[in-house]
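Mind docking chains B, C, D, E and F on chain A? Use the hints.
Listed in order, the protein sequences are those of chains A, B, C, D, E and F.
Take the first sequence: its letter number 179 is residue 179 in this note's numbering, and every next letter is one higher.
Take the second sequence: its letter number 227 is residue 1227 in this note's numbering, and every next letter is one higher.
Take the third sequence: its letter number 89 is residue 2089 in this note's numbering, and every next letter is one higher.
Take the fourth sequence: its letter number 24 is residue 3024 in this note's numbering, and every next letter is one higher.
Take the fifth sequence: its letter number 25 is residue 4025 in this note's numbering, and every next letter is one higher.
Take the sixth sequence: its letter number 136 is residue 5136 in this note's numbering, and every next letter is one higher.
Sample of chain F residues facing chain D (criterion: CB under 7 Å; computed from the structure):
| id | residue |
| --- | --- |
| 1 | Glu5123 |
| 2 | Gly5126 |
| 3 | Ser5129 |
| 4 | Ser5144 |
| 5 | Val5190 |
| 6 | Ala5191 |
| 7 | Gly5229 |
These aren't lab readings, by the way, just hints derived from the structure by calculation.
Ideal placement from N, C-alpha and C gives every residue a C-beta, glycine not left out.
6 protein chains.
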Amino acid sequence: MQLSEATWPEIRDCESDLAVLPTGSTEQHGPHAPLGTDAKTSAAVAEAGVETYRERTGADVPIAPTIPIGVAAEHRAFDGTLWVSPDTFRAYVRETVASLAHHGFDRVVIVNGHGGNTNALREVTGAISREDAAYAVAFTWFDSIDTEAEMGHAGPVETSLLYHIDDEAICEAELETAREGAGEGWGEWVAGVNLAHDSDEFTDNGVVGDPTTATADLGERLLARSGEGLADLLAAVDSRDR
Amino acid sequence: MQLSEATWPEIRDCESDLAVLPTGSTEQHGPHAPLGTDAKTSAAVAEAGVETYRERTGADVPIAPTIPIGVAAEHRAFDGTLWVSPDTFRAYVRETVASLAHHGFDRVVIVNGHGGNTNALREVTGAISREDAAYAVAFTWFDSIDTEAEMGHAGPVETSLLYHIDDEAICEAELETAREGAGEGWGEWVAGVNLAHDSDEFTDNGVVGDPTTATADLGERLLARSGEGLADLLAAVDSRDR
Amino acid sequence: MQLSEATWPEIRDCESDLAVLPTGSTEQHGPHAPLGTDAKTSAAVAEAGVETYRERTGADVPIAPTIPIGVAAEHRAFDGTLWVSPDTFRAYVRETVASLAHHGFDRVVIVNGHGGNTNALREVTGAISREDAAYAVAFTWFDSIDTEAEMGHAGPVETSLLYHIDDEAICEAELETAREGAGEGWGEWVAGVNLAHDSDEFTDNGVVGDPTTATADLGERLLARSGEGLADLLAAVDSRDR
Amino acid sequence: MQLSEATWPEIRDCESDLAVLPTGSTEQHGPHAPLGTDAKTSAAVAEAGVETYRERTGADVPIAPTIPIGVAAEHRAFDGTLWVSPDTFRAYVRETVASLAHHGFDRVVIVNGHGGNTNALREVTGAISREDAAYAVAFTWFDSIDTEAEMGHAGPVETSLLYHIDDEAICEAELETAREGAGEGWGEWVAGVNLAHDSDEFTDNGVVGDPTTATADLGERLLARSGEGLADLLAAVDSRDR
Amino acid sequence: MQLSEATWPEIRDCESDLAVLPTGSTEQHGPHAPLGTDAKTSAAVAEAGVETYRERTGADVPIAPTIPIGVAAEHRAFDGTLWVSPDTFRAYVRETVASLAHHGFDRVVIVNGHGGNTNALREVTGAISREDAAYAVAFTWFDSIDTEAEMGHAGPVETSLLYHIDDEAICEAELETAREGAGEGWGEWVAGVNLAHDSDEFTDNGVVGDPTTATADLGERLLARSGEGLADLLAAVDSRDR
Amino acid sequence: MQLSEATWPEIRDCESDLAVLPTGSTEQHGPHAPLGTDAKTSAAVAEAGVETYRERTGADVPIAPTIPIGVAAEHRAFDGTLWVSPDTFRAYVRETVASLAHHGFDRVVIVNGHGGNTNALREVTGAISREDAAYAVAFTWFDSIDTEAEMGHAGPVETSLLYHIDDEAICEAELETAREGAGEGWGEWVAGVNLAHDSDEFTDNGVVGDPTTATADLGERLLARSGEGLADLLAAVDSRDR
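Chain A on its own, in the form it takes in the complex:
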C-alpha cells in the first residue's frame, strides 16, 4: 500500500507494524539514463517486495514516499546531480522513521537504490535501533542479489532494471556513447584504498560498466529477485525480537 495514496483512517486501520521507506538519489546516470534512476528503482523494488510479501502472508505493508535526494556529492561534477550532506540525509531519514513509529510502524525497512547512501543508512539505522523507539535496517537492492551482470554505475544492472520498469526513461540513442565514455571500474585503488572521492576522477561520462548489454529480461529477473529478497527480509524483521 502506498501511504501517500491512502487516507489517514485507512492507515489507522492497517495492522502492520512494518513499514517500508524507499530512498533514492537524483544524480547523473550517464548520457543514457535519467537523473532520477535511483528513485525509480528503489520505488519499484519496494513495491515488488511488498507485493511478494502480501502474496506470501496476506499482510499489507505501507510504503512511505520515496526520499528523492540523497548523499551524492561524489557525482557533483555532472550537471543536474542534487545532493544533501550525510548529516542532513540521516536527520531526514531518522525523523521520518520516528514519525512512522509514532503511528505504530516501528519496524522499518529502508529500501535503497543508491550506493552513496549505504554507509549513511547503516549508521542511522544503528542509531535508530539503539536510541529511538523503532528498529530499522536498510536494504540496498543491488547488494541483495547475485547476478552475473556488473553493477558499475548506470551500467548493465541498473539499465536493465530501468528497461523493465520504465523503458521510456532510457535514451537509446546515447547507449553507444555511454559505453564508449564509461570508466572501467569504480574508483582508483591503491593498497585497498580508493583514492578518488569523486566519480569524475575515474569516468568521463559518469558511467561505469557497459550499459549496451542491458536487457529488459534481465531487469525483470533482477526485480523479481530483489522483491523476493525484500520479502524475506520483511518476514525476518517482523518476527525478530526488537
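Below, chains B, C, D, E and F alone, put in the same frame as chain A:
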C-alpha cells in the same frame, strides 16, 4: 522539464538560471483525501507554472523532484502523518538549492503545497539569498490566488484541485463524513493568538471547511490561476538583480 | 511583577504558573525613532497586560527580562541594527522558557514587539508545547489590535505608542525626513510572494508608513487595547488544559 | 552612548570602531538583592567606563543593550534563576558581536557582571578574534579591581555596588537573614578542585559573604575603579593591532 | 617520526606535506585480548608503513598521536568498551586533520585499526577533501592485505598481529575460552542485510573466529604487508594532484 | 589499572565505580620539550594518583586511555600544535564519560595536563553531573600543588616533571635557547584582562618561564604531591553523594 527525467547532458545544455523545487507534505487530509495531497498539488502547480512560462517565453525551466515530507507535526494525532523538524526541513531544502546553484540554477522558486512549511521556507529562502550563492523565494500556491472558496484544510480548495489533477485519489464515499466531522476554522483564537499548536485541538477528523462543495471545474480554474501566478513570479525572479 | 526586581524568595512565594517573557529587537526604526523601539514597546505592553490581568483577577504574573536582540537581519543595511540567527534566537527563548518552567512557571506568554520574530516564535512555542515541560504561545501586540492606523515600520502605530510611553526617545526634528524617505508598503510583491528579503530593497530610510500622523493619544489607546488583549490571553492560557 | 536610544543615522555618524556589550545574568542574589543584580551592575560599569573614556579622549563609544540571561544553571535550585546553556549564550554573544562588526564596530569589549559567564566569554572572544571579522575581549568588573572587601556572591562587593547604583533594589529587612544563611566560601574544595557544581551545595540561601557590611560609599569607589579599569582597557583595545 | 616526541622546531623543519594519523578504538576484544587492541595495531602499522616509506624514499613522515576512542557502540554490551558517536568522531578527526594542514601537512593518511570506524572515515575524508584545505584518505590495515587467515573480531588476524607487536598483552590462558564462546560469523544476515546492530547478538564473548590459530609469525607477515601497503599508499598520495 | 591493557572480563570484575580519564594536548612546548608533553604528564599523574589510592585503600581504579588532542588553538602559530574546537573536545570527553558510566564507572575524575583544557572541562563536567547519569570533576595537576617553582609554559614545573618521567624526551641542547626566547609572563594584561588570545603574542619561542632551572628532583616531588592530591580527590569523589 522534469529534472529527474532528464539525463545530465540534457541538463548541462539547459540555459536557464531558473529552477523550480516543489515541496509537499505527507499528512492527513481528512477521511476523503490522500496523505500525499500536498505533494501532488505542489507538483501539479509547478508543472502548470513552468508550462505557462514556457508558452510565454519559450524558455524551459527544470523542475526538481518534489520534497515529499515537510513540517507537519501539528497533524501528528492523525495516522500516517509524516514529518521532520523545521531544522531538518530547512537543511534539506537549503542544501538541495545549493546543489541546483552549483550547476548554475541559482534563481530558485520553491513551489509549496503545505501551509505548515510556509514559515520555514520564508526563513530558509532569506538565509539562502543572504548567505549562499543563490537567490530563492517560496511560492505557496493557495496564498497566490484569489478565490471565493475557503482554503481550510482538505476543504473545497484543495479537494477541487485534487478533482482536477487526480480524481481517483479522492474517496467520494467519505465526503459526507468529512463534512460532518470538520472543524469550523483553523485554530483556536484569543486576542489574535492561536492557542492550538496541533490540528486535533480544533477538528475531529482533520478537515477544516466543507469538501462536498469541491468541483473539478473550480480545480481547473485554481490550477490555471496558480500556474499564471507562478509564471509571473518566474519572470520577475529571472529579471531582477539578485 | 518584574522578575528582575524581585528576590528569589519573593518569586518562590508567587503562586502563579503563568509568566510573561517580552522579546524585542534592536534595529533601525527610521531617522526619528530609536534602535531600541521594539524592546521598549514589548516591555510596555507586557506591563500593561499584566497590570490589567492583576486588576481583573488579583493574581500577579512575573515578567522576565526583555530579550533585547532578535531576528532582524532584514534591516542590516541600516547602521546599528543588531541581530542573531533564527536558530540562536529560538534556542535563547526556548531555554529561558525551560528555566521559567523549572520553577513552576510552565505557562508562558511571550510578548513580542518585532514582526521579524513572529515566525521564529510560532515555531519555537510549538516545539516547547509539544516536547518540553511547558506550554507557550507568542503574542505580537500589533497583530492583536484593530486600528485604523497603518502598522508599516516605524510608522504611525509604533511611533504613537512611543509618544505615549517614552516621548523623549523620538527625534521630532526628523519626523518630516522620515515621512519623505519612507517606503510605500512592506515588501515587493509578485503573485502573493515578497521578492524582497531585506528592507532596504523597498525603503530608503527604513520607514514604511507616515510617522508624522502619530499621536500620544493613539498610543495610549493602542497600549490599553494591547494590554486588554494580553490580559484576555493570560486568562485563556491559565484556564486551558495544557 | 546607549545604542538602543540612538537612531540609525546617529550610529552611522559615530566614528568609533569600539563598542561595549554588557552581559548580565538573571539569578538568585540571596534574600536581599534582586534577581537582576548582574544585569544592573554590568550596565552601570559599562556606562561608567564609557563616560570615563569619553572624558579622557572625547570619543563616544556605543553601548549595546545588556544581554540579560547568561550561564547560571549552578543557581537553579533557587527560584527565579533563569539560564541558557553555555553554547546558546556563546552563540548569542558571538552573533551580536558580528552584527556590531558589520557596522564597523569591530573592537568589542564585553562588560560582564556574572562569574558564571566568565569561562564562556573567554572562549567565545577567542573564537571571534581568531575566526570572525572582529576582535573581542571580556572584562568582568569584579576581577578588574583590587578591594579589601570579599566578592563572594551577593556579598559585600555586589551589595555595595547596588547600594550606590540602585539602593531601592535592596531589601534591607532581609540583610540579617542573608548574613545568617550565607555560605562561608564559594565551593567545596579538595586538592584544588571544586567538587560542587551547584551553589546550593555550599550555601543555604544563595549568599556567600556578609552583605551587612556593604556600604554605598564602597559601592561608589568600586564603580569608579571599575570605570577607570574599563577606560584603560578601551584605550588599549583601540590602539592595539588586531 | 612521532609528532608527539618532536619539538615544534623539529616539526617546522620537516619538509613533508604528508602526515599519518592513526585511529584506534577502545573496545572488547574477547577474553584474551586487551581493550586497547585497535589502538596498538593502528599505531604499529602506522610506524611500519612510515618506516618502509622512509627506507624507500628517504623522506620522514610525521605520525600524529593515535586517537584512542572511536565508533564502537556496537560492542557496548561488553564491559570496558568506550565509544563516541560517529558525529563526534568525525569532528575530532576532521579538526585534527585541519590542524595538521595548518602547518603544511595537507595530505593525510588515516591509519585505522577498527572496522567500526571505516564508514565514518570514508565520509569524513570525503568531506575534508572536498571542502577543507587538505586531502585525506583512510587506510584500514586489515582491508589492505590478502591473507588466508580469517579477520573476524579478536580472531586469528588481530591476535597474530598482537603476538608480534605486544605478546604480553594477550591472556594465553583465555585463548581456549575465547575459541569456545566465539561467534561463527560477523552478523546475522538475511537477503544481504545484517539484522544485528550490536555484536552481542551473534557472539557470546565478543570473539568471531578462532584465535587459538594465531601465531607471531603470521603477525610479522601481516605487519610487513600492511607496512608495504601503507608505504605504497603514501607514495600515491604524495604524487597525485589533490 | 590501565583499561586499555585489560580484557573486558577483567573490567567486568572490577568493583570500582570510580574511573580516571587523562586529557592531554599535543602542542608546542618550546624548543626543548616535546609536543606530547601534556599527554605524558597527565598520564603520569593519573598513574601516580591511582597507585597512591590503591596503596591507601586497596581499591583499583581503571584509567581510560589519554585523550591526546585538546583545546590548543592559542598555540597554533607554533608548528606541530594540534587542536580541536572546545565544542568537539567537550563532546569527545562527555561521550567517553557516558560510556564509562554505561559500565558502572559513574564517578569519573578527569586528570588534565593542559591549561587550555581547563575551562572546557569545568563546563563539561558540570553538564555531565547535572544532565547525564554520571558525576565528573576535572583535576588539573599543576593547579593542585603548591610549589615555589613557576608554572609558566614549558617552564620549570613542566620540564621538571618531564625530567622525572621521561628525561629522554627533553632536548637538553635547546634549554639555553628556550630560556633566552621565553616570554616573561603568560599573556598581555590590562585591567585584569588578557588582551592576547594566542601565545605568540607574548612569547617568541613558546616558552614562559626559565626551564634551565628544572630538575628531576623537583619533578619527583611534583609527581608525588600531585599523586597525593589526586588520591585525596578520588577518596572524596568516592564517598560523596552524587
